[in-house]
Every structure is written in C-alpha cells, then in structure tokens.
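Colleague: Take a look at the letters that make up each chain.
Protein chains: 2
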Amino acid sequence: MKLLFKATIVATMISPELYAQSDSLQFNKISDNIMLQGQCYNNLRVLCKTVGHRLSGTEAASKAVEWGFEALKKAGADTVWLQPVMVPKWHRGQEKLSLQLDNNKWITVPALSLGNTEGTNGKVLEAPIIMVQSFDELNALPDAQVKGKIVFFNYKMKQDFVNTFNAYGDAVKYRWASPNYAAPKGAVGVIIRSMSTGEDDYPHTGSMRYKDSVTKIPEMAIGNRTADKLYQYCLKHTASARIQSDAHMYTSLVPSYNVIGEIKGSKYPDRIITVGGHLDSWDVGEGAHDDGAGCVQSIEIIRTFKSLGMQPNYTIRAVLFMNEENGLKGGEAYADSAISKNEHHVLAIETDAGGFAPRGIGFEMGAGKKQQIKKYAPLFLPYGVYDFDQEEGGADISPLQRKMGIPVAGLLPESQRYFDVHHTPNDVFETVNHRELKLGAVALTQFIYLVSTHEIF
Amino acid sequence: MKLLFKATIVATMISPELYAQSDSLQFNKISDNIMLQGQCYNNLRVLCKTVGHRLSGTEAASKAVEWGFEALKKAGADTVWLQPVMVPKWHRGQEKLSLQLDNNKWITVPALSLGNTEGTNGKVLEAPIIMVQSFDELNALPDAQVKGKIVFFNYKMKQDFVNTFNAYGDAVKYRWASPNYAAPKGAVGVIIRSMSTGEDDYPHTGSMRYKDSVTKIPEMAIGNRTADKLYQYCLKHTASARIQSDAHMYTSLVPSYNVIGEIKGSKYPDRIITVGGHLDSWDVGEGAHDDGAGCVQSIEIIRTFKSLGMQPNYTIRAVLFMNEENGLKGGEAYADSAISKNEHHVLAIETDAGGFAPRGIGFEMGAGKKQQIKKYAPLFLPYGVYDFDQEEGGADISPLQRKMGIPVAGLLPESQRYFDVHHTPNDVFETVNHRELKLGAVALTQFIYLVSTHEIF
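Keeping their order, the protein sequence lines are chains A and B. Quick note on numbering that gives the first Met the number 0: the first sequence kicks off at 0 and runs consecutively. Quick note on numbering that gives the first Met the number 0: the second sequence kicks off at 0 and runs consecutively.
Errors might be hidden in some of the hints.
Identical chains blur together in the list; that is why a pair holds if it fits in one copy or across any two.
[What the hints assert, rightly or not] Keeping only pairs whose Cα atoms sit at most 20 Å apart, straight-line, the calculated EDC-like set for lysine to aspartate or glutamate is: (1) K157 <-> D31; (2) K48 <-> E198; (3) K62 <-> D169; (4) K374 <-> D227.
Source of the hints: derived by calculation from the structure; they are not laboratory data.
Looking at chain A on its own, in the form it has when it is part of the complex (with noise of 0.2 Å):
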C-alpha cells in the first residue's frame, strides 16, 4: 500500500508522456515477487554452506558448477549450459608469518599471503624489515638500504574517502603490484598493510600479479592492528620478519566452466541482455558478499522473470562467471564465445560489490543512453534506488566491453561494510541481510525489465 502510494507521487516528478503507469505497477510486482517469495537468500545458504568458499581449479569450484547449473535450472530458465574456460590453479597450502617486535621475541601474527604469490617453497625466509609509506619512498631509496629486506608497504584505505570503493582504488596498487616495485632493488619479500577499512586484525587475501621480468618474491597482507603495531615500532627500530609459505601457482591451467541460464527473447531473441556475478571465490571464508551475492541475485532475476510470466522482448542471460578473482578467465572466454558466435550483445550488468541495500546502478556507456536511462530514475526512488551518477561496470563483463564496445552497467550497494568482510574468512553467509541482498535483485530485476520492455539498446 505504502508502496504504491509512493510511487504515485514520483510519477508527478517526471514528465506524463514518460510515465507508464504500468511500469510503476511492474516494479511493484518484482519487489512483492521477490521480497516474499524470493529464493536468493535461501540460494546463498546453499552455496556458502554446502559448497562453502571455490577458489578456481578447486573441487569446490567444480561443485559450484554444479549447483549453479541446478539453480538456474530450477529458477526456470529455458536453457542452461557450461561454457567451457581453462583457469589457473593456485595453492595456498600452510603459511606462517612471524614478526620480531619487542623483546626481540618472535610472535606469529594474523596474515595471509596474496592471491597468485609464489611463496618460500616451505622454508623460513627471515630477513629484516624496511617500511615505507608509498612506491615513491620506496623508489627514493638506494637499492642498498632494500636489498636483502622485507619491504613493510604501510599504506592505508583512506578512511575519510565515503564510498570504500574509491578508497580501494585508491590503495590496491599495494596490493597487486608491491613486489614488482620491491623486486626489482633486491628485496626479498612483501609485507603490505591489508585493504581493510575495518578496526581489526583481520588480514585480506586478494590478487596480486608479478611482472614477467622480476623476480617472484613473497607477498604477505596484515590486518590493520598488526600493521600499526609494526609501524609504531618501525618508526624507531629495526623489526625482523620470518616468512613461510607453501604458496604456489602451477604453470598448467585446469578445465572449468562458466554457468549459463537463459530465457529467449519474444521479439528479438537475438539481442542479449548478460548479467552476472562470479562463482569463484577467494579460499577462505565462504566468498558469501563477493560474489555469491551476485551470482544468486542473477538467478534471481531469471525465477522472478518467470515466476511472474514476464516474457522479455530481449534475450536474458544470467551469468556466473568463472575465475574473476584471479585470472578472469571466464570473462574472457564468453566475450570470446560472444564474437566466434558473432552475438548481438545489447547490455552486459554485474553484480559483484556485495549483496547489501543497493544504493545506484552505474553505468559505462554514451552520454545519450544514460540520459535515456536517467529519466526511468524516479521509478527506482520507492526502493532506495537513486544513484544513477556513477561510472561503473564489473571485471567479468570488462572484456566484452573492451573486445566488442558493449555498453556496460554495474549494481551500487552500500559500500561501508564491505570492505570489513572481503577477501577475509569472514566473508561468510551470516554477515548477509536477507533483504538487502533481496533488494539488489529487485533493483536488477526492474531495470532489466526497463531496459527489455522500452527496448533502451
């Protein structure tokens, strides 16, 4: 009731020509449909707590598979298949990191090694640390005062930056390029401060890429109370580090698949909307906000379509990708398969920034399709949805906008707190809200069925 009597009112905010009537009544069916009778949330138990987290080339990835192609079967999509993508393998094994602070005791610390890292091959690698702030302080230094160390990069997620997202940005460079810049003056290993905006010692595991040319030193993350701990005392000390890590990256890729979910198009069945989160996950936690939100929330997508007899002018695909987190394979192979098929791609959407309240959908297109879009806005204002500002896209969807010029598209959920929970064990089912997750399928569910129903590309 409520609802419905706010969404008449936004409708005296746009032009009568523009408003449908029966859109405004649409976007209330989805919401109803989802909100009580939606199966995402029940979907990501599933998946977290069965499967748990799926790193690529894993048995547990190959049992996501599994289960993606059994829900979107049961979401009642008109066709699922596995597409086929080789991605890399890569172990974590046993690791331990061990810092000598006061007392020159050693103490073993909260730590994970980045995602991709060769790591000691088992054996203890102690050396001592020099900290910097930034590559530049790093790069000011003389090879000297580096070689034979362990680099501390002690820099922060800036706390006062308000979407997380750009604090990310801002600071992953650390994360993903540390011993490509620490390497090549002859350190011997990585610490970095984890990309973490939380007051804990959690570190946060992640991708990391080595040059072809350096070196492949080991990279570590910290949690955010270690790290300040570690720079207090390196500010006037000489701290030691002792790394130990099995971590390896094999050099062969293993088979895996995308898992794909379909229903055709009434008028135009050759012209396809993708959307998508990814299936793989990091190795620890249960990969519960990043992204078995996304992947649930796409199936939603296709069980609502469904469930409510709404047939799609265009063609609507729900992706969940594989091996966004580290190589991005899946993405590649389907714009690959997309232009070996000669496809006509209209709009690719990702969902893969966790599943709380969705805030916005951003949008990586010309400035005449966002303004097309832009004007269905006051329909999304009943169900939190308002920002349609924002530049954004997604991973797996990147290679189908950089092979083909697709336009792109992105879901904006409320970004404090996820970056808390990323890439940590804490990722896991229980810090996921039954109805923020709801609502971000909501919101993908109404704009794919604007898009579908105008015919906006």
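Go by the hints and put chain B onto chain A.
Modeller: Same frame as chain A, now just chain B:
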C-alpha cells in the same frame, strides 16, 4: 580528493546564487574530521561495554547518565547539565513461556515479556491458545470462544514494505494494544509474534500499554520461527501455553535525568537547535542501535563543531533523553522546561532509527521550510544522503512539536537490518559499523551547520 571532485560536480546542479563553495568545503571538513578523528564509535563501545543495557529507573541508567555527562564535557560542550525527570520503573524478573504442541510435550520457547506488562506474579498461568490474525478477527469471535484463553496474535511485519519502519508502523499496534482487545473478551493472556524482520527465533521486547479500563493480562512475544510453528499447529489443533512471569510496573515514579550539553550561539544565543537521541534502552542487549547510536552521534556533533572551531550562529543543544522506551518522560520534561523558561526553540532533530548508513533527513514542518532546506540537498549527495522527502521527527522531540509547535526533523538511516536486532539481546556494539555510525554524525553535523549558518529557522 575524490570527494571534493564530486562536490564540485553536484554544485552545477543547483542555482549559482544558492551554491556557496564555502558550504561544500565546510561539508568536506566536517566529513573528514569525523571519519578520521571521530569519537562516536569509541564512545559507543564504552557505553555498550561498561554500562550495557539501561532501562529507565535502573542502576545502569544512572551510570549512563554519568557517562553521558562526562562524554559531553569531553566533547567540549560550553555547558553540560542534568535535567531532572521522574521516570517509571518496570521490572522484568524471571519469565518463562512453554507451549504444548506435538506429542503433548511441553517445550520452553524463547520469549520476552513486553515492556510495562504485568506478569503472573511468578505463578504458572496455563490456558488453551486461540489464534487470530488480526484485531478484526478477534472482535468477530464470540466472547465465549475467547474467555479463559491465551490469544495468539499472529500478525507479521510485512516483508514487502521496502522501508522496514513502514512495516513496523503497520504492525506495532499488535505489540502495543493486544491486551486491550483480548482482556475485555475474557482472555487471560496474550502471545504476539515479535516485531521482527529476522528469519530467526529471537523474541523482541518493546512497549505496551494497558488501557485504564482493562484487566492487566500478561503479554509475551515469541520469535518468528516459533510463531511459524505455532501458527501451523493452531491451524489444525488446539495448543496450550504456560506463562510464568515476574514482570511488574512499580506504582511510584523514580528520579532520573536528561543529560544536556550546549554550544552557545554567537549571533543568536537565545535561538536553540536541539539534537538528540535517548539514553535509556530496553533491558536486553546493549542498546547499541537503539539508541546508543543516537546518543553518541549527538555528542559527536558538539565535538566536531568544537574541533573545527565552528562557532554556530544559533545555540546547539545535544540532549540525551531519558525514558523514551517506556514512558517518554524525558521528552515531556524537556518540552515542559522549555515552556516554563520561555525558550526560543527553532528546530529539533532526533536520531533514533539505528546507527546505519544515513540516506536522508525527514521533516515535519511547513512546506516553505521544507523547500528552503531541499535547495541544499545536492550538497549532501557525495555523502550518500539524498532523501529529503519523508515525514520524520522523533518520539523524544514530539512533545516540543505538540506543545510548542516546533518544526522537527529526523535522521533516516538505512532501515533493512534495524528490525533484526531492535529490542533484542542482539542489539549489541558489534552490530554497529564504525563508518556507518560516523556517516550519520556527518550528515547531522552538516545539516545543523547549514541551518545555523544560513539561519533557515
């Protein structure tokens, strides 16, 4: 950097004569100060962990008053004082609810007496249950069918309402007034489904009130899972319940205090802006979201003005109201004092909707003032605050509004998680995110800065 960039963008959306770059810069200073140096999260930790829950009239409530006094002084308020209030004293004591369902076994279920209810004086009250879905359904029953029974009101908070406060507003009459419908028909007790959006079994307490004319029969709340089970059973069988409860409202009021801290206005010291939350809580959990969050945000506003050397034109008063939960005596006393002293209140703002990320500020005031405020709305967008269209005030400031006609406003945080923890043992510090809490304080401080600087009231 990114923030400033965004703030510049939004500036182009408002008329040049209105846009003051200084406002945008001041907004940014306020945000940076709170996000980097804010004390509200630390203050909340102390309140929750050293005082804990603090029902009016208890020893803990007295400790909370002392804490609030010291926290306001430390925040730098020019003056801090205690305002005497006489408050009710309600005691929960021991309580137990057992149900007889399958196999005729008695099982004890999670349950909480509603606040202000009278229990069974420690005795066991056993009676058959009669289930109804609504007051209308109860009213339609012959008295003979209700007499001697315990009425189970199975009214659910509606999950299809997007804003959970609307769902609460729709359902809360079943918590507040059920005995007033059941007792006149001869019922001996009431069980309600909790005011909960959670998919769990936590019972939620909260205020109820007996009409003067009715027999004071006990009222208890059960969690959603138990309610689902009881509902299913009652469709086919007759269940029974045993209520045992010490709950009791003492006849005499006891002394307590509102805690008030003030920064004197430089230009109009007699014009007062009140901003507040409530210091009391229910006697479960830690009153973290309800309403420790509002208290520490109100204190944070004082700290921020002082820290940034901002001298407001109007006097700003942070008020930690006593007894919002089960009497509103603090709000009444504050308004009565204002009347007796002939104070000139220009605006009152409440923050009592949880420490979640802010989405807007709502108003109950004349349309002209609302329009005046809304012209500044674009300044708030970079901070995720976009909604200035809702009607909102607050319980504690409602006497100011009712008795003196003062315009009121209320912070509107994200609402999805609030009724998972509201009035439960789960409303603890750990469920509050430090960035979300701080962003609420940012929005309030920015708003008060605007009102005071542009002398909007």
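Colleague: For each hint, tell me whether it holds in the structure or not.
Modeller: Against the structure, the hints come out as follows:
no. : hint          : result
1   : K157 <-> D31  : between (38 Å within a copy, 10 Å between copies)
2   : K48 <-> E198  : between (27 Å within a copy, 17 Å between copies)
3   : K62 <-> D169  : neither (35 Å within a copy, 43 Å between copies)
4   : K374 <-> D227 : neither (48 Å within a copy, 43 Å between copies)
The structure does not agree with the numbered hints 3, 4 stated previously, though it agrees with the rest.
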